[in-house]
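S.K.: Top to bottom, those sequences are chains F and D.
According to this note's numbering, the first sequence is numbered sequentially starting from 1.
According to this note's numbering, the second sequence is numbered sequentially starting from 308.
Since the hints were derived computationally from the structure, they do not count as laboratory data.
Keep in mind that the hints are not guaranteed to be accurate.
[Said to hold, decoys possible] Covered stretches of chain F (in silico footprint by chain D; criterion: 3 or more residues with CB under 8 Å from a CB of chain D, positions within the stretch not fixed): (1) 34-45; (2) 99-107; (3) 275-282.
[Stated by the list, open to error] Restraint ranges, calculated between C-beta atoms of paired labels, are given here: (4) F:Leu223 to D:Met308: 19 to 29 Å; (5) F:Arg294 to D:Trp424: 28 to 38 Å; (6) F:Asp162 to D:Thr523: 27 to 37 Å; (7) D:Pro512 to F:Thr199: 56 to 66 Å; (8) D:Ala551 to F:Glu69: 48 to 58 Å; (9) F:Arg115 to D:Ala464: 35 to 45 Å; (10) D:Ile318 to F:Arg113: 35 to 45 Å; (11) D:Ala398 to F:Asp81: 33 to 43 Å; (12) D:Arg477 to F:Ser62: 47 to 57 Å.
Beta carbons: idealized from backbone N, C-alpha and C, even for Gly.
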Amino acid sequence: MSVATSASHERTSLVERLSTPGRGWLTLPAIFFLLAVFIFPLVLIGLYSVNLLTNRFGVPTSFSLVNWESFVPPGDNVFWDRFKSSMVITLVVSVLAVVAAYPVAYFLAFVARRRRYTLLLLILAPFFTSYLLRVIAWKVILSNNGVINSVLWQLGLREHGDGVTWLIYSWFAVGLVLFYSWVPFVALPIYVVLENMDTRLLEAAQDLGAGRLRTFFRVTLPLSLPGVIAAFVFVLIPTTGEFIAPLLVGGPDSSMFGNAIQSFFQETPNWNYGAVLAMWLIAVVLVLVLLFGRFLSTDLRESKATT
Amino acid sequence: MLGGYFVLLAIFLYAPLAVMIIFAFDDSFVQTLPWSGFTTKWFSNAFSNEELIGSLERSLWIGIVAAILATLLGLITAVGMTARKLRFRGALTALVLLPLVIPYIVLAVGMLILLNWLGLQRTLFAVLLGHVAVSVPYCLLIILPRLRTLDQAIVDAARDLGASPWTAFRRVTLPLVVPALFASALIAFTISFDEFAIASFLVPPGEPTYPVYVYTGARTPALQPQILALGSVVVVASLVIVTAAEIFRTRAERKLAV
Chain F
1 MSVATSASHE
11 RTSLVERLST
21 PGRGWLTLPA
31 IFFLLAVFIF
41 PLVLIGLYSV
51 NLLTNRFGVP
61 TSFSLVNWES
71 FVPPGDNVFW
81 DRFKSSMVIT
91 LVVSVLAVVA
101 AYPVAYFLAF
111 VARRRRYTLL
121 LLILAPFFTS
131 YLLRVIAWKV
141 ILSNNGVINS
151 VLWQLGLREH
161 GDGVTWLIYS
171 WFAVGLVLFY
181 SWVPFVALPI
191 YVVLENMDTR
201 LLEAAQDLGA
211 GRLRTFFRVT
221 LPLSLPGVIA
231 AFVFVLIPTT
241 GEFIAPLLVG
251 GPDSSMFGNA
261 IQSFFQETPN
271 WNYGAVLAMW
281 LIAVVLVLVL
291 LFGRFLSTDL
301 RESKATT
Chain D
308 MLGGYFVLLA
318 IFLYAPLAVM
328 IIFAFDDSFV
338 QTLPWSGFTT
348 KWFSNAFSNE
358 ELIGSLERSL
368 WIGIVAAILA
378 TLLGLITAVG
388 MTARKLRFRG
398 ALTALVLLPL
408 VIPYIVLAVG
418 MLILLNWLGL
428 QRTLFAVLLG
438 HVAVSVPYCL
448 LIILPRLRTL
458 DQAIVDAARD
468 LGASPWTAFR
478 RVTLPLVVPA
488 LFASALIAFT
498 ISFDEFAIAS
508 FLVPPGEPTY
518 PVYVYTGART
528 PALQPQILAL
538 GSVVVVASLV
548 IVTAAEIFRT
558 RAERKLAV
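Looking at chain F on its own, in the form it has when it is part of the complex (with noise of 0.2 Å):
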């Protein structure tokens, strides 16, 4: 077998059969259609951005800061206040839904055996089902009638009719619709470094007379870090521009910064304002990006069998 092998990589491997010239073009329908779609679209909203170009009547068309300024402090405050209380709100989310998925992790990796894959599955199915609906759902739950409510008055703990007022249209229930969409898939990184630590590592640990806390805290934890941070990136970055849990479960004064672009485009629309929003949340994810890109392993000059 090991002759066949060296003998085929004597001839041609696969990777030079397909490097034959001319294989590369196949990357270009790619190219042309996200730059067409994707890229140039982002360059509109730019040119948006500083009334390069402008759908509205009256203002006149050339270059202005006009709108950066009154968003940039010190502007007038409003969508600056609204992005800083939504970075607040994604940070808390990320931090608690990593917190709450590592024990799951470490349950499937260390302790659940030859079920863990099936019970990754249960785990992981939810998150493959409609998220507006599960937002829906929780709606229901939440709401001033609804389950937890109903449920409290039943028992007689709180007079029929008195809700609790910060279930829903709370920063409480954006935060905790987030939470629970996130929570199984963010175990899912976690788990992935768990299970391929190396664990004769914990034995040596454990034979050199550590606890199992102490294994823990100054082995198995710090080895897991590269997961622990992909996976709070992977709840990071979609949530900094989050907007839909917001619609359904959030109030007035607990709507995040992307209902803010959204507001700008659809109900009152000023694309100019709305287009300086989107391309802050550009920069701010682009930002994030590069400074936890290293540990998200989606580099295809890189990815080898990991799946």
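Starting from the known structure of chain F, fit chain D onto it as the hints suggest.
M.R.: Okay, now just chain D, sitting in the frame of chain F:
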């Protein structure tokens, strides 16, 4: 203790789905306890609601076409990316993976501006293109590793026996990546079928996709029970499909293990 925690978290994950199904059979417009009584009328109402069924059909079609297009585009791009010498490989990788990190709302806004710039109306075709764009990176991430792990000797053997590069690809490589292609199509379909952000900006008036209609329904108390009824069907169906696909995939990969 960890086992107990796992059970609690699993209950937490499935509770909202259970609540949706329970209230889909509840004989009241308002979802509250105590339960008002058993009924299946919301299901029959939902299935005779032409707007709801119409939106479902629209989403099914867009999802199927998006899955096929994104998988095809993912496959040819993946083959192209296995080229040993590829100019601007770094820039290309960044470009094809960018849709993974850019928020959908930005993409949606960008495509809305693009349509406006071209002087076009909002259209379902634009929704389809948006869904293909966000699905392609996932398809690529599924297909490319599979292509990379193929046993080179098998393809070499085909070439040595006189097969042209195209024949070798069609007769040898392609059958071996079929499980990955199915997985890729399934992911792309799931993304498209559930996608709300892009669709909400680009659907023409009167032609909502299923998620857009569901969103409207969730804000209309009279429609909410029907949304829960059809939603239960959709959720149960997707749980079954995900499980079946996973079983199918593991079996197929085991059979084709190389």
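S.K.: Work down the list of hints and note, for each, if the structure agrees.
M.R.: Do the hints match the structure? See the list:
{"no.": "1", "hint": "34-45", "verdict": "holds (count 10)"}
{"no.": "2", "hint": "99-107", "verdict": "holds (count 5)"}
{"no.": "3", "hint": "275-282", "verdict": "holds (count 4)"}
{"no.": "4", "hint": "F:Leu223 to D:Met308: 19 to 29 Å", "verdict": "22 Å, holds"}
{"no.": "5", "hint": "F:Arg294 to D:Trp424: 28 to 38 Å", "verdict": "36 Å, holds"}
{"no.": "6", "hint": "F:Asp162 to D:Thr523: 27 to 37 Å", "verdict": "30 Å, holds"}
{"no.": "7", "hint": "D:Pro512 to F:Thr199: 56 to 66 Å", "verdict": "59 Å, holds"}
{"no.": "8", "hint": "D:Ala551 to F:Glu69: 48 to 58 Å", "verdict": "55 Å, holds"}
{"no.": "9", "hint": "F:Arg115 to D:Ala464: 35 to 45 Å", "verdict": "40 Å, holds"}
{"no.": "10", "hint": "D:Ile318 to F:Arg113: 35 to 45 Å", "verdict": "22 Å, violated"}
{"no.": "11", "hint": "D:Ala398 to F:Asp81: 33 to 43 Å", "verdict": "37 Å, holds"}
{"no.": "12", "hint": "D:Arg477 to F:Ser62: 47 to 57 Å", "verdict": "56 Å, holds"}
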